[in-house]
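Novice: Dock chain L against the given chain Z, drawing on the hints supplied.
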Amino acid sequence: MIQASSIPRRPKQLTQISSADQKKKDSRIQFAEKILATYSPSGEEAEIVTILKSELESHGLSPRVDFAGNIICEIGSGSPSLLFCPHLDTVPGRLAVRKDGNKLYGRGACDAKGALLSMLLAFEDIAEQFEKDPDRSQGRLIFAGVVEEEKESRGLNQLIKDRLRADAAIFGEPCGLNKVTIGYRGHVPVSFDIRTKEAHASAPWTTTNAAEVVFSLYDSLRKKLSIGGNAQGVDSVSVAITGIRSGTAHNVIPGSAKMSVDIRVPIGTSSAKVASRIEEIASEESKSKHCVIATTFAELTEPYKARVDCRIARAINRSLLKRGLKPSFVTKSGTGDMNTYALAFGVDALTYGPGESKLSHTDSEFVDIQEVFACSEVLVDTQKEFFVLRN
Amino acid sequence: MVEAECLECEAKMKINDDVVVGEIISCPDCGADYEIASLNNGTVTIKVAESVKEDWGE
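Chains Z and L, in that order, are what the protein sequence lines are.
For the record, in the first sequence the residue sitting at position 180 is 180 according to our numbering, with numbers rising by one throughout.
Each number in our numbering corresponds to the 1-based position in the second sequence with 1000 added.
Bound-form chain Z, shown alone (with noise of 0.2 Å):
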């Protein structure tokens, strides 16, 4: 029979913080400032490794880094197993680093470095947490701070090459503190390679313009991989061009033309599926345009999202009600490391951190200490739902 039952919420009264905490709160400031300073563009992530190593060895933890530079760190044993995974690299680009209150503006602060202080200083709490349990056979919590995220996910791919599974795994990204991304569409990266005859430009009508089938095959590919007339939107395939290249001289008409196109796959759909058939439409159109057109892909990835019941989702809501808050699951239009994991091993993956993800990216980022540490705090309640929770 179902109890009445409530999570047992905290007092919304500020208790007194002992000068214990605030020595730890403003240490951890501190630290925060520091993987803030320290500049981690996409395959320069040495520096920020070393940092970490020396932080958790500091608390009597056995880090180790893996053959793509990513940073592992694992506590407790035996079932169930869960995975904190925050990436290490930033978009490129210096941005002076500053706090303003309670924010912390520089490059990375929002995407995704607020991600990867409220894992690790989660992943510390538990540390210390478990040094206390004399059962620490009650579950196993691994940390892996990975490379590469921004780029081609070189970090994550070693993670799954090696084998590092876990029952549930939260990918750090900008969240804010009640959401949690459960869904994300797939990525189709495709480029075309179109070649026809040159042609004097004073008779254009001898040849077929590569440059003019770009856009006749960018209108096809919009049309014919629409779903059921949604142009924009979570729930649509969307077509972006990312790149064209073409013409040799003013009055050449181009016998050769490079179009990069970024397509983005709902949930529901099939990555590999909306490839066949962009090879298809590909095809129509050489044939149609008497050219020919070779097509492309970069790595695929399906798109993903968690049942809102499972138990990883479960864990975070319940921690977020425990705070008193109003958990929200968000499905985004963008693709996450998530996906790929996710998929990967058949396992559920949520995406969490603090951060407003529309600064990602962006000269103006910013991400509030506090709520980092907020963030952290529903981290450790996360895991002890996760661990005690049934299937």
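Please note: incorrect hints may appear among the correct ones.
[Said to hold, decoys possible] Computed list of lysine to aspartate or glutamate pairs in EDC-like fashion (alpha-carbon distance at most 20 Å, straight line): (1) Lys305(Z) with Glu1054(L); (2) Lys326(Z) with Glu371(Z); (3) Lys305(Z) with Asp1029(L); (4) Lys326(Z) with Asp1018(L); (5) Lys384(Z) with Asp135(Z); (6) Lys326(Z) with Glu1050(L); (7) Lys1053(L) with Asp235(Z); (8) Lys326(Z) with Asp1033(L); (9) Lys326(Z) with Glu1035(L); (10) Lys326(Z) with Glu1054(L); (11) Lys305(Z) with Glu1050(L); (12) Lys358(Z) with Glu1054(L); (13) Lys305(Z) with Asp1033(L); (14) Lys384(Z) with Asp1017(L); (15) Lys1053(L) with Glu356(Z).
Hints in this document: simulated from the structure, not taken from any laboratory.
Specialist: Just chain L now, with coordinates in the frame of chain Z:
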């Protein structure tokens, strides 16, 4: 374990004993999401859960 009926497809949804108010459950048949609105002596009330979709993302 108690059951609730899906408001969309009328399928029976089994609800764990340890569920709390505010948790979200999904219909195993049609996938509709519901929030636990209240729990009282084995009686559960559900309401349609808010679905948030952001045209933004990583």
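Novice: Decide, hint by hint, whether the structure agrees.
Specialist: Tested hints:
1. With a CA separation close to 14 Å, the supplied pair Lys305(Z) and Glu1054(L) stays within the 20 Å bound.
2. For the suggested pair Lys326(Z) and Glu371(Z), the alpha carbons sit about 15 Å apart, so the restraint of at most 20 Å is met.
3. Pair hint Lys305(Z) plus Asp1029(L) holds up; C-alpha atoms about 16 Å apart against a cutoff of 20 Å.
4. Annotation: proposed proximity of Lys326(Z) to Asp1018(L) holds, straight-line Cα distance about 19 Å (limit 20 Å).
5. For the hint linking Lys384(Z) to Asp135(Z), the alpha-carbon distance of about 14 Å falls within 20 Å, and the restraint holds.
6. A hinted pair counts as satisfied when its Cα atoms are at most 20 Å apart, and Lys326(Z) with Glu1050(L) qualifies at roughly 11 Å.
7. As the CA atoms of Lys1053(L) and Asp235(Z) are separated by approximately 9 Å, the hinted pair is consistent with the 20 Å bound.
8. Using a Cα cut-off of 20 Å, the hinted pair Lys326(Z) and Asp1033(L) holds, with the two alpha carbons roughly 15 Å apart.
9. With a C-alpha separation of about 11 Å, the suggested pair Lys326(Z) and Glu1035(L) falls inside the 20 Å cut-off, and the hint holds.
10. Note on Lys326(Z) and Glu1054(L): the hinted pairing holds, with a Cα-Cα distance of about 17 Å set against a maximum of 20 Å.
11. Distance check on the hinted pair: Lys305(Z) and Glu1050(L) sit about 16 Å apart at the alpha-carbon level, within 20 Å; holds.
12. Taking the CA atoms of Lys358(Z) and Glu1054(L), the gap is near 10 Å; set against the 20 Å cutoff, the hint holds.
13. Of the supplied pair hints, the one linking Lys305(Z) and Asp1033(L) holds, its CA atoms being roughly 13 Å apart against a limit of 20 Å.
14. Taking the CA atoms of Lys384(Z) and Asp1017(L), the gap is near 18 Å; set against the 20 Å cutoff, the hint holds.
15. A threshold of 20 Å between alpha carbons decides the hint, and for Lys1053(L) with Glu356(Z) the separation of about 15 Å falls inside it, so the pair holds.
Taken one by one, the earlier hints all hold for this structure without exception.
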